[in-house]
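Undergrad: Listed here are the chains, written in short residue letters.
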Amino acid sequence: MSTVPFARTGRRRAGHRPGQPAPTWTSVSGRRPPAPAAVLRTSLLVAASLLAVAPVLWIAVSSFKPLPQLLGDPLSLPSSLSLANYRGGFQQFDFLTYFRNSAIVTVAATLLTLALSATAGYGLAKYNFRGRNGLFVLVLATIMIPIQVILVPIFQVVVDLHLVNSLLGLIIPPAATPTGVFLMRQAFLSIPDELIEAARVDGAGEFRTFWRIVLPNARASLAVLAIISVGWRWNDFIWPLIIAQSPGVYTLPVALGLLTSQQAVPYNFILAMVVASMIPVIVIFLFLQRHVIRGIAMTGLK
Amino acid sequence: MATVDLGVGRVTPSRRSRSSGRRGGRRRVPRVAPYLFVLPNMLAVGLFAIWPAVNGFRESFFHVIEGQPSRFAGLANYRQLVTDAQFWAAVRSTLEFVVGFVALTVVLATAAALLLQSQRRAKGLFRAALYVPVLISPVVVGILWNWILNPTSGVLDALLHRVGLGQPSWLVEPHLAMGSAIFVELWATLGFYTLIVLGGLQSIDPSLYEAARVDGASSWDEIWRITLPSLRPTLLVVVILSTITGFQAFEFIYTLTGGGPLGATTLIVQYIYDHAFVPPINFGLATAASVLLFLVLFAITLVNLAIGRRKGAA
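Residue numbers (numbering that gives the first Met the number 0), protein chains in the order written: chain D, 0 to 301; chain U, 0 to 313.
A couple of the hints might just be wrong.
[As the list claims (entries may be wrong)] Part of the chain U face toward chain D, derived, beta carbon under 7 Å: (1) Pro39; (2) Asn40; (3) Leu143; (4) Ser229; (5) Leu291; (6) Leu294.
Hint data in this document are derived by calculation from the structure and do not stem from the laboratory.
Glycine included, each C-beta is placed from N, C-alpha and C at the ideal position.
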C-alpha cells in the first residue's frame, strides 16, 4: 500500500520510491501480478463508483422511454431514442420559462455574491479601521443561522420589501454569504501590501486600486466562489419554494418539486426535465473539476 | 468552516507605517474607503440575516397568526410546542436521521478516502464518479430515488423480483422509509465528505509512516496507529458539517417521501415549513421551533470550538 501523499496526477507516475512495490502492473515486462489487496481495493472502488453513477445514467437512459414502457417495464432499454419526452416537457409545460428563470437567478445572484464578497473581503483584509474585527465576527456568526432557521422572519422582510413572487426576491436575499466573505478575505490577505502601496503612490484612488490591481490577483479565488455559488443557486429549493408563488417565477427545482408532488405532469416529461436540469451543473463540473476540489479544501477545511 | 482562523490583526499597524514611512510619508490614510467597501455586504447581512434572526427570536414570544394583529404570548408558543405530539415525533425522527446519517458518513467517507488514497490507477476517475451525486440538486435526488424505489414501476424492486428476493415497500413501511431517507442522503453527500477526508489524509506527515515501517508495522497497524489518530481533526470537521447538514435536511425528503408515510420522515425543518407556509398558518409556533433548532446548531458549534481549542492547547 502506498502512503505517498500525492496531490497531482502527474507526480504519482514519477513518484516511484525505491523499496516499494512497482506502481503499475499491467506492463508485459515481467513485473509482479497485482496483489490481492489491490484487486479488492479496485473492485470496491468500481462498485462504489457504479452505485454513485448508475442511478444518474439510468434516469438519463430512461428519459427517452415513452410513458407506457416507463411504467410497465422498468428494466427495459428505450425502444427508440426519440426526443418526444423532451419536446413535450418544453412545449406543453413551460419548462423553458423555468429554465430561463433558473439561469437568470443563478447568474445574477452569483455576480452579486462576487461583488459583495470581494468588496467586503478587501475592506476586512487590507484596512485597519474601527469596528473591523467586530464586523468580521458578525459576518462569521451568520454561518450559524442558516436559512432554515430564519425562514419565517426573512420571508417577512421580503414581504415588506415587496419582493415576494419576483426574481429579485430570489436573487438578493441569498447573495450575501459568510463563506464568500471569508474566502475572499483569505485571498486578499495573501496579496502583498507593497503592491497596494505602489498603486497608491502612483496616484490611483482606493477603488481604482482595488479594481485594477487587487481584483485581478484574486482571480483564482473568485473562480472558486463563482463555482460554489452557481451550484448553490442552481439547486436552491426551499427559498424559491416560498418566494415564487406563481408559475411565471418558478425556478427548475421549484417546478420539478411542485409538479412531481401534485402529479400534474406525466412522469416521462418529469424525467426528461430532471435530466435536462442536471446537464449544466455536470458539464461545469467536468470542465472545472480541479477548481471544485480546491474549493472544498478552501471552504470545508479552513 | 468549522474551525475558523480569525487571523485578526494580520495587517499590523507597524508593517503599514513602516512601508509608508519608507516612501517618505506622503500617503494619506484612507478613512472613508474601508467603510464603503464593507457597507454593501453589511447592509445585506443585516437585512437578510441579523435582523430576521433577532426578529424571529422576538416573534417566538408572540401570537402571530395570519390575518390577526400579533400580540404578546409569553411562553405560550413554546408550551404549545412541547405538548404537540407531532413536534416530538419530528424531533425523534430528526435524531434518528442525524445519528444514522452522521455515523455512516464518518465510517464510509473514511473508508472511501483510504481506498482512493492508496489507489494508483484511474484515481481521478473514481474521485470524479463518487462526486457526481453531490452535483445533483436535492429536489432531483428525491425524485430520482422515489422513482427507483417505487414498488410498481421502480427499477430496484423489478431487479429484486427478477432474482426472487421479493418487492419491499421501501417508501411505504415507516422504518424502511427512514432507512431509505438516510441511504439517499448518504448517496447524495458522501462524495463531498470523502474529498474532505482525502484532503486530511494528504496532509499527514509521510515521515510518520517511514518511521513505522522501520519499526516493522503492518498496513493495519499504520491505519490504526497513525492514520486514524492523525485524521481526528478532519473527522471532527466531517462530524460537525454532517450533523448540521442532517439537522437541516428537508429538500430531498420533500420529493422522496413528502414526509410520509404517516409522518415517519417528517423532520424538524419540514415541521417548521408546514406550520409557517401550509395553512393553517401559525408563524409563532414555527418561529419557536426555529429558535430550538438554532439552539441545537449553536450548541454543536460551541462544542466544536471547545474541542478545537483543547486540541490547540495540547
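Undergrad: Give me the numbers of the hints this structure contradicts, sorted from smallest to largest.
TA: 4, 5 and 6
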